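Work the whole structure out from these sequences, hints included.
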Amino acid sequence: SDWIKLVGFSPFKTPENALEDCVCVSEGLMSSFLSSFLTSTLSKASKGEAKWELGVSDPRIGSAIHEGLGYKVLSNESVLELVRCIRQHAEKLLPDHHKGDIQRAQCGLGHAFSRNKVKFNVHRSDNMIIQASALLEHMDKGVNLLGMRVKEWYGWHFPELGREVPEPAKYCKLVLLLGNRSKIEEFDADDVRGHIATILEGDDAEAARVYEKAVTSMGGDLAEVDWENIRTFAERVDSLNEYKASVQQYLVDKMMLVAPNLTMLIGQQIGAKLISKAGSLTNLAKSPASTIQILGAEKALFRALKKKKGNTPKYGLIFHSSFIQRSQKENRGKISRYLANKAAIASRIDCFMDAPPQVFGEKLKDQVEARLSFFEGGAKPQSNKAVMAEALEQYNTILRKRSKKATKSTREESAEEEVVVSKKKTRVEA
1 SDWIKLVGFS
11 PFKTPENALE
21 DCVCVSEGLM
31 SSFLSSFLTS
41 TLSKASKGEA
51 KWELGVSDPR
61 IGSAIHEGLG
71 YKVLSNESVL
81 ELVRCIRQHA
91 EKLLPDHHKG
101 DIQRAQCGLG
111 HAFSRNKVKF
121 NVHRSDNMII
131 QASALLEHMD
141 KGVNLLGMRV
151 KEWYGWHFPE
161 LGREVPEPAK
171 YCKLVLLLGN
181 RSKIEEFDAD
191 DVRGHIATIL
201 EGDDAEAARV
211 YEKAVTSMGG
221 DLAEVDWENI
231 RTFAERVDSL
241 NEYKASVQQY
251 LVDKMMLVAP
261 NLTMLIGQQI
271 GAKLISKAGS
281 LTNLAKSPAS
291 TIQILGAEKA
301 LFRALKKKKG
311 NTPKYGLIFH
321 SSFIQRSQKE
331 NRGKISRYLA
341 NKAAIASRID
351 CFMDAPPQVF
361 GEKLKDQVEA
371 RLSFFEGGAK
381 PQSNKAVMAE
391 ALEQYNTILR
401 KRSKKATKST
411 REESAEEEVV
421 VSKKKTRVEA
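Residue numbers for the sequence shown follow the numbering used here, so the first one is 1 and each next one is one higher.
Calculated from the structure, these hints are not laboratory results.
Keep in mind it's a predicted model, so treat the numbers as computed, not measured.
Do not take every clue at face value.
To be verified - In silico BS3-like links for lysine-lysine, alpha-carbon gap of 27 angstroms or less: (1) Lys5 / Lys92; (2) Lys286 / Lys309; (3) Lys170 / Lys213; (4) Lys314 / Lys365; (5) Lys286 / Lys117; (6) Lys286 / Lys314; (7) Lys307 / Lys380; (8) Lys385 / Lys286; (9) Lys141 / Lys170; (10) Lys277 / Lys308; (11) Lys277 / Lys213; (12) Lys314 / Lys380; (13) Lys151 / Lys170; (14) Lys334 / Lys308; (15) Lys380 / Lys334; (16) Lys277 / Lys307; (17) Lys380 / Lys329; (18) Lys329 / Lys277; (19) Lys365 / Lys277; (20) Lys170 / Lys92; (21) Lys329 / Lys314; (22) Lys299 / Lys277; (23) Lys334 / Lys314; (24) Lys5 / Lys141; (25) Lys141 / Lys183; (26) Lys13 / Lys141; (27) Lys151 / Lys13; (28) Lys385 / Lys405; (29) Lys380 / Lys405.
To be verified - For each label pair, taking beta carbons as the anchor points, the in silico distance ranges come out as: (30) Gly202 / Gln249: 37 to 45 angstroms; (31) Gln249 / Pro381: 30 to 38 angstroms; (32) Ala389 / Ser114: 43 to 51 angstroms; (33) Asn229 / Gly162: 13 to 21 angstroms; (34) Met353 / Ala300: 31 to 39 angstroms; (35) Ala289 / Phe12: 37 to 45 angstroms; (36) Gln249 / His320: 44 to 52 angstroms.
From the three backbone atoms N, C-alpha and C, an ideal C-beta is built for every residue, glycine too.
What follows is the structure, given as structure tokens:
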């Protein structure tokens with residue numbers, strides 16, 4: 001072309017190199033490959049005082065190039081139009097390129113870049129926490145609703161049981177244990193009381209009372225076909241309760257793996273809801289403490305701002321924390337602000353540290369407890385500087401233990417390799 005000329009071209013050596021540079025461009029960083037290419041290509045032009053400017057389509061990359069190499073960078077609509085034209089006619093401008101080569105390369109790089117964006121570390125994936133938290137929230141409502149249906153259905157046969165055992169999970173287990181009351185006297189009374197006490201977590205008095213009312217209940221009789229349908233439904237609800245417990249344990253394990261300090265400070269349920277509301281652990285870590293404090297109370301906030309006279313909310317999801325529930329009513333706003341501050345610190349430690357120990361979360365929790373004691377009795381809490389110094393000392397101790405363990409495992413592996421090599425030599429000599 002008469003008005004455009006190819007000055008320099010440097011293809012990527014490997015697909016991994018292309019993906020690495022693509023990730024740097026998406027983050028607004030200048031890679032070493034781009035830096036060396038610009039330096040070698042523009043070295044002649046930069047010697048004299050030539051009146052030229054480097055056109056860059058992305059302003060963030062342009063600022064990074066200007067700060068790193070000192071070139072004059074231009075980024076506007078004219079540059080975007082030139083870049084669009086170059087992309088359209090790239091196959092004619094670049095040497096040894098045929099029709100369709102650029103499109104295939106762009107498609108492959110696009111797929112690799114998309115996989116890299118959605119690929120999470122399996123040990124640090126907060127998306128699983130978001131999904132598990134949402135599932136538990138739905139299961140709480142569903143299990144309670146189905147448990148009420150079991151109570152209404154079986155209550156016609158044994159109405160006294162609902163008042164003695166209000167929890168849906170225990171109620172379903174007792175329904176499956178007691179079954180049709182007309183056959184309960186066929187079994188040994190002590191064994192039945194023992195099983196009831198096991199379901200009621202060792203409450204023998206309550207178990208005896210439930211058994212006595214089961215024998216003398218005023219409920220109506222059940223036909224065999226009716227009991228079969230009730231039993232099948234109760235089994236399904238009981239299995240849902242067991243699955244719910246397994247999901248809760250999964251959420252605890254996942255939270256201790258992804259955000260141990262936030263979990264130690266505020267609990268896995270509230271911590272998971274905060275991560276879910278923020279969208280990710282990274283978004284939560286980037287949020288200020290004031291945002292974390294009212295996270296989940298957006299409607300009340302905008303309603304108060306709209307009225308211009310109402311008080312803005314003092315807390316959102318963190319209201320369910322035991323710290324706020326234990327504090328006095330006049331101190332709840334102060335405790336919620338203090339707790340949100342510590343939650344912001346804990347989330348940032350969990351997000352930006354490679355293998356965060358839970359020692360920081362334990363120290364932050366102790367600080368909130370000390371603040372509660374200060375409001376209740378006036379006991380002066382320890383300074384934040386002293387607490388963090390203790391936490392850092394414990395963290396350094398943990399690092400030393402990890403390094404010793406890694407060194408020991410490396411020595412064991414090298415010893416095993418030496419044994420294998422010696423065995424091979426012995427076989428060859430034989």
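Identify every previously stated hint that the structure contradicts and give their numbers, smallest first.
2, 7, 11, 20, 24, 25, 26, 27, 28, 29, 30, 36
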